[in-house]
Amino acid sequence: MESILVLTHADESGFALSKASLEAVTAGKELATQLKASLTIGIVAADAAIVANSLASTGAHLLAVTGEAFNQPRYASDAAACEALCRAAQTTIILVPGTSRFARVAAGVAHRLGGFIDTHITALGGADTVEATRWYYRQRVEAVISRDARPWFLLLDAGTHSAYAGQPGAAQVEQIAAELPALRTIVSGLRAPAQDAQTIRPDVKLLLVAGAGWTKKQPDGQIHVKEAGELILGFLRVTGASLGSSKSLVDQGGEGEPVLPFLTHMNQIGQTGSTPRHAKGLSTCCHGEEPHVVGWRFIADRRAISLDPNCGWARGKADVVYVADAFQVIAKLNALLEAAKA
Amino acid sequence: MPNAVHIVVCAGIVPDPLQTLEPITGPTGPGLKNEMVLPAVLDPWAASSLYEAANLAAKNPGSKLWLVSLGPKAKLQQVMMTVAQKVAFELVPIDGPIGGFPDAHSTAAVLAETIAALPGLDRSKLLLFGGWESATRGAGVTLQLVGERLGITDQFQGVDQIDLREDGSFEVLERVEGGKHQLSVCAGTPAVLGWATGNLAEPRNNPQVGMANMRTIMPALAKAKAAKLEANGLRYLSASLPKQQRTTRVVKDLTPDQIAAELVAWIGAE
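Listed in order, the protein sequences are those of chains A and B. Using this note's numbering, the letters of the first sequence correspond one by one to residues 11 to 352. Using this note's numbering, the letters of the second sequence correspond one by one to residues 75 to 344.
Chain A on its own, in the form it takes in the complex (with noise of 0.2 angstroms):
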């Protein structure tokens, strides 16, 4: 008989859960319901009092590690409460968000409770035991798994179930004690881009990903950069997305090579990049190589704008293929956005 603990965490705040806790909460309840499982959720956060609430109607048994040393993210301290809600709770399987906080220690709280972690898990399912489904050698590969062996810790990717949005009441938490180490690392806090500097945007619905190609020669035999950058910032005010790039060129400004330079490594999708997840993503001068397209595995609705007709994104990996000048597009696009905005 299988048993459940969902691991949640405030967010920034403080004052609630952070959404990837909600999205595992949501992942435990169906995981509860197909199991016929217990589900038993645990908070870590300053004061849980009040982000409890927003799981009254959950019908979990509610566990707590709070104070001031669990406010900000850190291996130390993130470990021994997660380390001690699942001691409290004593359940076969442990639901991780998979957020940059959890992601840090669920595997070294595995390893202490005697356990086994799978990561980056996109669904659930089996109807007696649980099958998880995970990608390897970076989206390239998909597998579905399971595993004898208990506790078993899975991480769930952040974006693949919904939201927990149960009715808010006066949630009962159970307070457990968490043991800490002596704590060597302090927090200092977040850094950064200035805020209409800041280009990723995971929560929106538009990805855009500029290549390589805004930087190379254009017809005329010039390189514009500068209006590259302009063209690629207009668009990102005007529609709000969130920007991605290739390996190569983010990769330019270690070359010594022209750079648009609001892109970082941060930026990069693909196999040594990220793999975001946005309802809708326009590829722009870059050609849609497979260790770039790897990086779009989660992009629903695709769509290209490339001066090359036979290039990778024309061969089943984009939806539609302009084949045009992206200077060109973006230019009449953002006119035409900035006109409706008007």
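Keep in mind the hints are simulated off the structure, nothing from the lab. By construction, the Cβ of each residue, glycine as well, lies at the ideal position given by its N, Cα and C atoms. Please note that the accuracy of each hint is not assured.
[What the hints assert, rightly or not] Pair by pair, the computed Cβ-Cβ distance ranges are:
#1 B:Tyr310 x A:Ala137: 13 to 21 angstroms
#2 B:Glu187 x A:Pro268: 45 to 53 angstroms
#3 A:Val214 x B:Asp331: 19 to 27 angstroms
#4 B:Ala286 x A:Gly136: 51 to 59 angstroms
#5 B:Ala343 x A:Ala192: 53 to 61 angstroms
#6 B:Asp327 x A:Gly24: 52 to 60 angstroms
#7 B:Gly194 x A:Ala202: 39 to 47 angstroms
#8 B:Ala286 x A:Ala26: 50 to 58 angstroms
#9 B:Ala343 x A:Ala137: 32 to 40 angstroms
[Unchecked claim] A short list of chain B residues far from chain A (calculated; beta carbon distances all over 10 angstroms):
#10 Thr102
#11 Met110
#12 Gly136
#13 Gln152
#14 Ile168
#15 Pro171
#16 Val184
#17 Leu192
#18 Arg197
#19 Ser198
#20 Arg239
#21 Glu240
#22 Ala296
#23 Lys299
#24 Lys302
#25 Leu303
[Unchecked claim] Listed below are the simulated BS3-like cross-link pairs for lysine-lysine, each with C-alpha atoms no more than 27 angstroms apart in a straight line:
#26 A:Lys29 x A:Lys215
#27 B:Lys299 x B:Lys138
#28 A:Lys290 x B:Lys254
#29 A:Lys290 x B:Lys317
#30 B:Lys297 x B:Lys138
#31 B:Lys254 x A:Lys236
#32 B:Lys254 x A:Lys29
#33 B:Lys326 x A:Lys342
#34 A:Lys290 x A:Lys29
Please arrange chain B on chain A, whose structure you already have, making use of the hints.
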């Protein structure tokens, strides 16, 4: 040399990203078709960590750098022919299976045991480096597990920068959600750092460094211990390529104005 550090980089070898991969099922579980003959490279994020490690070691005299790598000896030798020309290190090879399908817990156990036995390693000065995820299994758990096995409770993942201070403490930038970095200050070694891309470009090949490295790499490969990885109850029910092939509409005859108008409608549609 107050800031001399002992850096151990864990890095596997992976198929060259440009290769076509085809999963097959063998008697021991899934693998890749012709895996042993696919050209291989050092795992990209782990390679970033190696370059960052070499840079850190060079800035802090008295530091040491080991590269611990698990894979078939023949493939390791092939990959080292290139990697050895990049930066100076001492290779600690472990002769084991290739690929992303073996269990990460078993891999971590072998790596931890090997690191714990490294002659000359001062674990109080240890910085355990590697990629935050591999390009094979991509689980992002092996370094954490090795760190736990070595009793290291200061761990950082998605690292893009480390600044070692004179007092031995260091600042770390870790990637978090939304294109931000979390800034932390750790009192000092030992620590685990799973690297993302970092800030350094790939070093140019240096034949002199390569020759110096190969003098120790070849004997190390010859003496590499064999490791068997347990499955730990992990069962593969299937492993396959994604089947979605889109029916691409290639639009060649529209003007930029017409394309822009079509895209406006597409962006606005639910």
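| task | Determine which of the earlier numbered hints do not hold for this structure and return their numbers in increasing order. | result | none
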